[in-house]
Amino acid sequence: MDIFGPVLNGFGVVLEPTNLLYCLIGVVIGMLIGVLPGLGPAATIAILLPLTYGVEPVTAIIMLSGIFYGAQYGGTITSVLLRLPGEASSVVTVFDGYALARQGRAGTALGIAAIGSFFGGTVSIIGLTLLAPIVAGFALSFGPPEYTALAMLGILLVATVSNGSKIKSIIAASVGLLLATVGRDGFTGESRFTFGSLSLSDGLDFVPIAMGIFGLGEILYNLEERHNKVQAPAKVANVWPSRKDLKESSGAIGRGSVLGFFLGILPGGGATIASLAAYAMEKKRAKNPERFGRGAVEGVAAPETANNAAATSSFIPLLTLGIPANATMAIIFGALLIQGVTPGPQLVQDNPELFWGVVNSMYIGNILLLIMSIPLVGVFVKILRIRAAILAPITVLITLIGVYTINNSIFDIWLVIAFGVLGYLMKKFGFEPGPLVLAFVLGSLLEENLRRSLLLFGGDPAGFVTRPISGVLLLLFLLVVLLPLLQKAVKKSRANRSLNTAPHKEKEKETV
Amino acid sequence: MTSSSRQEAPLGTSTPHAASGTGSSAIEADPVEPLTAEQLAAEWDEERPPHAGPLANVAAGVVTALLGVAGVAMSLSMGIGTPERPEAGMWPLIISLVMAVLSVALLLFGRKTLDAEAFSSSSLQVAAGVGTLIGFVLVIGLTGFEIPTLLLTFFWLRFLGKETWRMSILLSAIVTAAFYLTFVVALSVPIPHLF
Amino acid sequence: MIKSTFSRRSVLGAGTGLALALALTACGGNVAGNSAPSDGSKFPSGPVTLTIGAAPGGSTDLIGRALAENASAGLGAPIPVVNKPGANGALATKEVGGAKADGQTLVILNASLFAITPLAVSADEAVKIEDYEVITGISQDDYVLVTNAGSGLKTMEQLTKAGKKFNFATTGVGTGSQLAQALLFKQAGIDGTDVPFDGGAPAMTALLGNQVDVATIQLAEAMPQIKAGKLNPVVVFSKERNQYLADTPTAIEAGYDVPVSQFRAVAAPKGTPEPVLEKLRAAFKTAFASEAYKAFNKQNLFTAAENDGAQVAKDWAADAAKFKELAQKYDVDLGGGK
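Residue numbers (the numbering used here), protein chains in the order written: chain A, 1 to 512; chain B, 513 to 707; chain C, 708 to 1045.
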C-alpha cells in the first residue's frame, strides 16, 4: 500500500487557504481560551460546534483540534504570570513557572514552554503518522463484535481513570448510556423513553447534551465563583531562552515528549496526567531535586512538553479506533458524526483527505502556535484583563442561538438549558461530566453492535472470545477491571505493615 | 481561577507532594520562593467552596437510585425478550440495574466522601441565571430574538456580573447588534427575529 | 414554532456600521405572519422555504437542494432550504402539514415514510399522504442486493441453492432495504437473519469485511464498489431495470414479487390554493428540464420520476396497501422482535 501518497495529499489539503485560515482561527481561539479564565477547551469546542456545521468536515475538525492543542499553549501563560493555571494540564507548570517569573525570567519560562510544546506536539504527530496506517490495516476485520469490545473498554477506562469518585463516575456513565437509548430502537422500531414526543423519537442529539453539560454547565458554575482577585501580571522581558536554558531543558523536553505521547494514547489519560507524570519524573531524575519549585527550567519544560504531546497523541485512539480518550475527544467524535464521518479503523482508507488533512494540520498549527506564542505574549497578557462577567452573557447567547441553528429547533434550546442545569448540579455534587458525555457518545455504538453481534452469532456470546481482536480487547477490559483491585490489595498489605503513614493515606483517599 | 483547574487541584497537589517527599521542607526559608507546593495547594483549597457534608451524597444517591428504579420499570414495560432475541427493553434494563445498584453502593459507602460542594447564597445567582434563560426561550418565539437578547445580556452584566449601569447598557446594545449582524445579516439563520 | 414567512434581507455587503442602520430598515422580521390572498395572485410573497426532514449531506438533502437551486429562477423567489431532521423525516413532514397553506412552506416527502415506516412503528407516529397537496414527484432511488465478490454468489439461483443461513444487512428498521430483503428471502425460502445497520455505509463495510453475507443498499452507495469488482449486484428491486445497472435483473424478473424503490416528491400543506400549486408545479417543471438538474440526477444515479402530484399520491397509497398485504401474506414483521 502506498503510504506517502495520501500523507502528501494531506498536506495539499491543509495548505488550501480555507483550511489554513481555520487552522489559524482554531489555534488562536485555543490560545485565547487557554489564557482566559472560565472556559476550558471542552466547553469551547462544544459551544462552537454549530459554527462548524456549514464547513467541510476536514476544515471543521482542523479548527476544533486547533482549539484543543492551542489551549495547551495558552494555559501556560496564566500559570507562569499569574500563578493561576489557565488549564488543568498546566497546574504543575505553576510551581517553577511562577518562581521563574518572580526572578524576572517569565520570558524564559514562556519561551521554553513554547519550544517544548512545539517539540512534544511534533513528536506525537510523527508517531500518529506512523501508527495510523498499521491500525488501519486491520480495518475490515473490525466487525460488530470488535466495536462492542472497543466501546466497552473505552467507557470503562474513562469512567475509572477520571479524578472523582469511581462509583459516581460509573453512575454518570450509566446515565449517559441510558440517555443514548432514548428514541426509536434501531432493531425493533419500538420507542423508548420518548414520552410520546416526536422530537425525541430520533433520540437525543449529541450537540445539545455536550453544549449543555460542558458549555452552559460550566458557565452557570462560574457564575457562582466568588474569588475575583486577579493580580497584576508579572512583567515579561526577554522571551528567547538562553542557550544555557535550552541545554538544561533539552533532556526534559525529550523525555516529556515520549512520556506524553504514550500517556496520551491511553484512554482516560491525556494532557493533565501527562504533565503531572513528566514533572514528577524530572524531579526524580534531577541531581538537585530541591531546585524544583524554585525556578528550575526543566520544571516548566517537562510538563509543558508532555501535555502537548499527550494532547496530540490522544487523537490516535479517536482517529484510528473511533474511541475517544477523553472528554474533548468525545466532543470531536460528535463533531465528526455530525459531519457524516464515522471515526474508526475505516477512516484512514475511506477518508484519507480528512485523516491526513487533520493530522498534518497539526504540524502547521504547532508552527503557528510557536510563531505566535513568543512574540504575542504581551497581547495575551492584555486579554487577561477582560472580565469574566462580560464574557458570560456572550457565551451563553452563543450557546443558545448556536444550538438553535443546527436543527432550527426551539426544542434543542430547551435541551441545552436542561443539560446545562444537570451539568451544574453534577459539578456541585461531585460527579464528573466526562464519563456521562463519553458514555452517551459510545452508548448507541455499544448497544447496537452488541445486539448486532448476538444476531450474527445466533445468540451465542462465546463468539466474542473466539474472534482474535475482540478476544484481546475483552482481555484488556478484564485487566483494567482487575488491576486496581490487585493494587488495592497490595497497598492494604503494605499499609498494615507501616501504620505510621496511615493519616497521610487517609487524606489521599478523599480524591480517589 | 478556572473551574477546571480547581477541580484538578487535589490531583495537582498530591503528585508533587508524593514526588518531593520531605524535600520541599528544605526550601521553606528561601526568600525568593515563599510559596511551596503545599502552601499553594492550601491557598487553592481555601478558594474552593465549602464541602456540602455527607447529606449531599445521600441526596445524590437517592436521586440516581430512583432514576435507576424508574428505568427498570420503564424497561420492563418495553419488553425484555430473551438473550437470543432481545426486545427493546433488555439493554436499558441492564443499565438501569447497574445504576440502581451503584446508587445503593454510593448511599452505603460514599457518605464519608466530601466531594460535593455546599450551596450558598451565590447559588441563587445561578438560579436567577437559569430563570433568564427560560424566559429567553419562552419569548423568543413571540417577539424574535433581539429584545430577549438585549434584556438577557443586560441582566447578566448588571445583576449577575455587577458591571456599572452605563457599561451594562452600552455592552448589551453592542452585543445584541453584533448577534443580529452575525446570525441574521451575515449567516441568514432562520431564527425568529423582529427586524 | 415560527415559520420564516416574510423577510427581505442579506443584500447588505456594506461596512458593518452602515449595515446595521440599513438592516433595521431593509430587513423584515419573520415573527409576525402576514396573510396572503387565496387566489395566488400575490404568490410568491417572499422566499419559499423548502423543509427537508433529513440532515445535510444525505440523498434527500442533496435532491432538495438541487431542486431548490434550479427552481427558484422559474418561481421568481429564493427557495431557502431548512433541514429539520427527526423521526425519519416525520417531524418535518408533520410540521409542514400543520403550516399555513399559502405555498410559502414546502416539504420533500419520502415514499418510505408513508408506505414502509408504518409497518414498523406505532400508528400515532405514522404520517398519511392524504394530508398533503403533492405538487410533483421528483425521482426514484433504487435498492440493489449485493454480495461480497469473494463469496462467488452472483444470482438469486445461487443464493437459493447455497442451502445455508444468511445474515443480511439492512440500512435500518422500517426502511425499503429491510422490507425488500425480508420479502425476497421469505419468498425464495431462504433462511435469513435480519441485521439492521445505521445507514448504507456501515452495512456495506460489514459486507466488505464478511461480517454479513448479503446487504441491500442504495445504488449510489454500492456503485463504486460494484465497479471496483468488490461487490456482486444480484438483483435490483425496481419495477423495471435500472438504467445505470442495465445488466442486473430485477427481483420481479427473477421471479419474486418485491417491487420496492425509494420515491421522493415535493408537497405543500393540505388546502393550498390551486393557482399557487400551479405556479409551483410550473417552476419545478422548469427545474426538471434544466441541464444542471439532469446532470445532477445522472451523477447521483437517480432515475427521474417526475409524475403529476395526484398520480404520485395515488401510487404511494397503492404501494402502502401492497406492502401491507405482502407483509401479512409472507408474515414479515419489520419490528424485528416479537
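Everything labelled a hint here was simulated from the structure, so no lab data went into it. Since the model is a prediction, treat every value here as computed from it, not as a measurement. We treat Cβ as the ideally placed atom computed from N, Cα and C, and that holds for glycine. Accuracy of the hints is not assured; some may be wrong.
[Stated by the list, open to error] Okay, the calculated beta carbon distance ranges per label pair:
(1) C:D838 to B:L567: 36 to 42 Å
(2) B:T694 to C:A1011: 37 to 43 Å
(3) C:D838 to B:L636: 44 to 50 Å
(4) C:K1029 to A:G458: 31 to 37 Å
(5) C:G896 to A:L486: 52 to 58 Å
(6) B:P566 to A:Q349: 16 to 22 Å
(7) B:T694 to A:P461: 24 to 30 Å
(8) A:L51 to B:F631: 30 to 36 Å
(9) A:I469 to C:G783: 55 to 61 Å
(10) A:L486 to B:L567: 31 to 37 Å
(11) B:R597 to C:K1031: 19 to 25 Å
Checklist line | Cβ distance range 30 to 36 Å for L51 of chain A and F631 of chain B, holds or violated | finding: holds, 34 Å
Note to self: Assuming the hint says 31 to 37 Å, is it satisfied by the Cβ distance from L486 of chain A to L567 of chain B or not?
What the structure shows: holds, 34 Å
Notebook entry, point to check: Taking the beta carbons of D838 of chain C and L636 of chain B, is their distance inside 44 to 50 Å?
Noted result: The hinted range 44 to 50 Å holds for D838 of chain C and L636 of chain B, with Cβ atoms some 49 Å apart.
Margin query: Verify the CB-CB distance for P566 of chain B and Q349 of chain A against the hinted window 16 to 22 Å.
Written below: Distance hint for P566 of chain B, Q349 of chain A is violated at roughly 54 Å.
Checklist line | 36 to 42 Å as the expected CB spacing between L567 of chain B and D838 of chain C, which holds or is violated | finding: Once the Cβ atoms are compared, 54 Å apart, the range 36 to 42 Å for L567 of chain B and D838 of chain C is violated.
Note to self: Please check whether K1029 of chain C and G458 of chain A have a Cβ separation lying inside 31 to 37 Å.
What the structure shows: holds, 32 Å
Notebook entry, point to check: Would you say the C-beta atoms of T694 of chain B and A1011 of chain C sit inside 37 to 43 Å of each other?
Noted result: holds, 40 Å
Next item on the list: Please test the hint of 24 to 30 Å on the beta carbon pair from T694 of chain B and P461 of chain A.
Entry: violated, 53 Å
Notebook entry, point to check: Between R597 of chain B and K1031 of chain C, does the C-beta distance stay in 19 to 25 Å?
Noted result: Once the Cβ atoms are compared, 24 Å apart, the range 19 to 25 Å for K1031 of chain C and R597 of chain B holds.
Note to self: Taking 55 to 61 Å as the stated bounds, is the beta-carbon spacing between I469 of chain A and G783 of chain C within them?
What the structure shows: holds, 59 Å
Check: Does the Cβ-Cβ separation between G896 of chain C and L486 of chain A fall within 52 to 58 Å?
Finding: holds, 55 Å
Consistency with the previously given hints fails for numbers 1, 6 and 7, ordered from lowest to highest.
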